[in-house]
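As they're listed, the protein sequences go chains A and B. Numbered by my numbering, the letters in the first sequence go through residues 1 to 402 in order. Numbered by my numbering, the letters in the second sequence go through residues 403 to 804 in order.
Hints are computed from structural coordinates only; laboratory data are not their basis. It is possible that some hints are incorrect.
Sample of chain A residues at the chain B side, in silico, Cβ under 8 Å [unchecked claim]:
no., residue
1, P64
2, P66
3, S126
4, T128
5, T168
6, D173
7, S300
8, K303
9, F305
10, I307
11, V349
12, Q390
Glycine is no exception: its CB is placed at the ideal position from the N, C-alpha and C atoms.
Number of protein chains: 2
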Amino acid sequence: MRPTFIRRPPGLQFAGVDVRQLADRAGRTPFFAYDRSAIDARIRKLRGLLPSGIHLHYSIKANPMPAVVHFLAARVDGFDVASAQEMALALDAGITPTTIGFAGPGKSHDDLRRAIASGVNVHVESETQLRLVTALGWELGMRPSVAIRVNPDFQVGQSGMRMGGGATPFGVDVDQVPALLRELSTREIALAGFHIFWGSQCLHAATVIEAQRQSVDLIFRLAEDLTQPLQFVNLGGGFGIPYFPGETPLDVKAVCDAMHDWLPGLRERQPGATPILELGRYLVGEAGIYVCRVIDHKVSRGKTFVITDGGLHHHLAASGNFGQILRRNYPVVIGNRPDSVTSERCSVVGCLCTPLDRLADDVELPVAHIGDLVVVKQSGAYGRSASPHQFLSHPEPAEMLV
Amino acid sequence: MRPTFIRRPPGLQFAGVDVRQLADRAGRTPFFAYDRSAIDARIRKLRGLLPSGIHLHYSIKANPMPAVVHFLAARVDGFDVASAQEMALALDAGITPTTIGFAGPGKSHDDLRRAIASGVNVHVESETQLRLVTALGWELGMRPSVAIRVNPDFQVGQSGMRMGGGATPFGVDVDQVPALLRELSTREIALAGFHIFWGSQCLHAATVIEAQRQSVDLIFRLAEDLTQPLQFVNLGGGFGIPYFPGETPLDVKAVCDAMHDWLPGLRERQPGATPILELGRYLVGEAGIYVCRVIDHKVSRGKTFVITDGGLHHHLAASGNFGQILRRNYPVVIGNRPDSVTSERCSVVGCLCTPLDRLADDVELPVAHIGDLVVVKQSGAYGRSASPHQFLSHPEPAEMLV
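Produce the complete structure using the sequences and hints provided.
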């Protein structure tokens, strides 16, 4: 007699695989899974819309899983890194050092030494960093490739997280740039580029368009003091993804179309300068899920709690405790019964002994049973790496690129 | 000629050691340091105030550094653990298994199996956990020691973080306890104790006193259904420590004095029940510092930023991003020039590329130079273990018990 395989009712498909099968493949819950085809599709679509000649960089901090970094190495034109370890990851992935930009307000002596020795672009963010870079260049007998990260003198509204404009520890104020350029010229170092970072997680095309236009204008102003041509201009990123009800995706086509307004001018005035767009969350954020298992279901004073083996120690942002002022729910589904008709109003919580550990508050979900899989979507960026794993000493989450 | 040692002007003393010497001993910055004599003094003082017979437990989640756990093993009467790994730490420290309580709303099958095999007290928090515990007891051929964590039917005001009263995933609602007791009796398992957790980080003696009084009342009500005497009653902890200007230390003497109001009644009605106080933050929080080094000092649009090699990846709570609604500064000093007369208004930030990474906002501090040591006080609890170390892939902080 031939064995009979009983088909289960279909569960949530992720990267073409049933989420229960993914859990078995991971060998445990909780886990993060990232969809390589979704990342690839996102990049292809964006490349199709971007004017030719605009380079696309990946900000490793969004998701530093080595497999993701290696996958992206073949698909983007460069990496942006925020620490020496991220730089090492980028180099291990085989990308050309000169296409790596190292930014960060607090680069240590060791960070800078490693960056110069590796031949990456150092985005200096202060006079101190510039002095250290030039001194280390002499010490190592290597000419450092230096860009200046500029704290812009404009602020655009609506950006999820502003990092430019106003008083900030990031970059060099516009009015301090000329002094840095003089310092560079006395050291016989040519400036490779400018890096303008104006904000992140922005869903409003008009804001991104305005920020890019103003960034290019700013670069023109700053370049007036230059005696040598720029090799690149990094216009930041800022492309957001929708997390919460009512949010709509960024109109990337509108953003890309508007690049034609400033691109000819940039090409004319800085013909050797490659414009760079640096994106992290936008490339990988929607391509990831966090999956944990229901281990209890209880009612306390009329409220239903679905208790999982996951929590904020793996996914701090989804718990609403990572910079959010107002806690809102990430999209959550019951992965093995996505189409269940019986639903209930409940809160999904993690396994930690703290009221902060909530994955979804007061949501309508299919009635969850013990053993069911809770899937938190939009978890490809700032999830695993941005969470306090050691809090309460529970096991680490698994991670896979599917 | 004999060598001459030039004495440096004194720096901040921590555990009797200059903080610069501690940095050299750690071999790097940033680091956490914990003062064993301060922990010891805190426990001795508390023991001196507590009525005799009240047991003192340490909640490992506050600071799971193995050296701290080992140090405390010889000084407290038991440990409270919130995961199997914390339980393993407690057992490794050589404390008697029956003095370990394992609480947590999301204990997995594996957690419970390990707990029963280890002979610790399982504080069951749901019907599901109770069923699993009894089934595993049969499977392992061991009678589990079971306590019930009760979600109290009272709420006390002013507690920093309420975890009892109202609808919560923690513990079993009071009205569901009788059903659990019936379930236990059919399994021929005696209830070892009750665990009432009403809140944490409370600085108001009257609130703690009221919570303990109500907890004892609740235990009396719950015990009416019992046929066998209790072995312990865990009255929770909740003792807070001051973090912010204007906060005053908890009047522990008043709290301990008030215990005499309910202790005789408890002894009369449950003569075999040891009252347990479980404290984490209160025992270790004030005995710890986080030390990072100034690596840059810059002015942006009139505001001064002191940039360090530390940040929220090591100390999320100090950055104001761990459950705080309103960001307030932890106490911060410049460790190597505590008595400097020249001061400046500044913000102390970490090395991460995010505006969330602030260690002190708009404070008056001695003018900091590159190489100076920034010391964040009150960092002995929920610091290193409750922070997202991997965020941006910077090095981990060192840690030492001095």
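Outcome of the hint check:
no., hint, result
1, P64, "holds, 6 Å"
2, P66, "violated, 11 Å"
3, S126, "holds, 5 Å"
4, T128, "holds, 5 Å"
5, T168, "holds, 6 Å"
6, D173, "holds, 5 Å"
7, S300, "holds, 4 Å"
8, K303, "holds, 4 Å"
9, F305, "holds, 4 Å"
10, I307, "holds, 5 Å"
11, V349, "holds, 5 Å"
12, Q390, "holds, 5 Å"
The structure fails hint 2 only (numbered hints given earlier).
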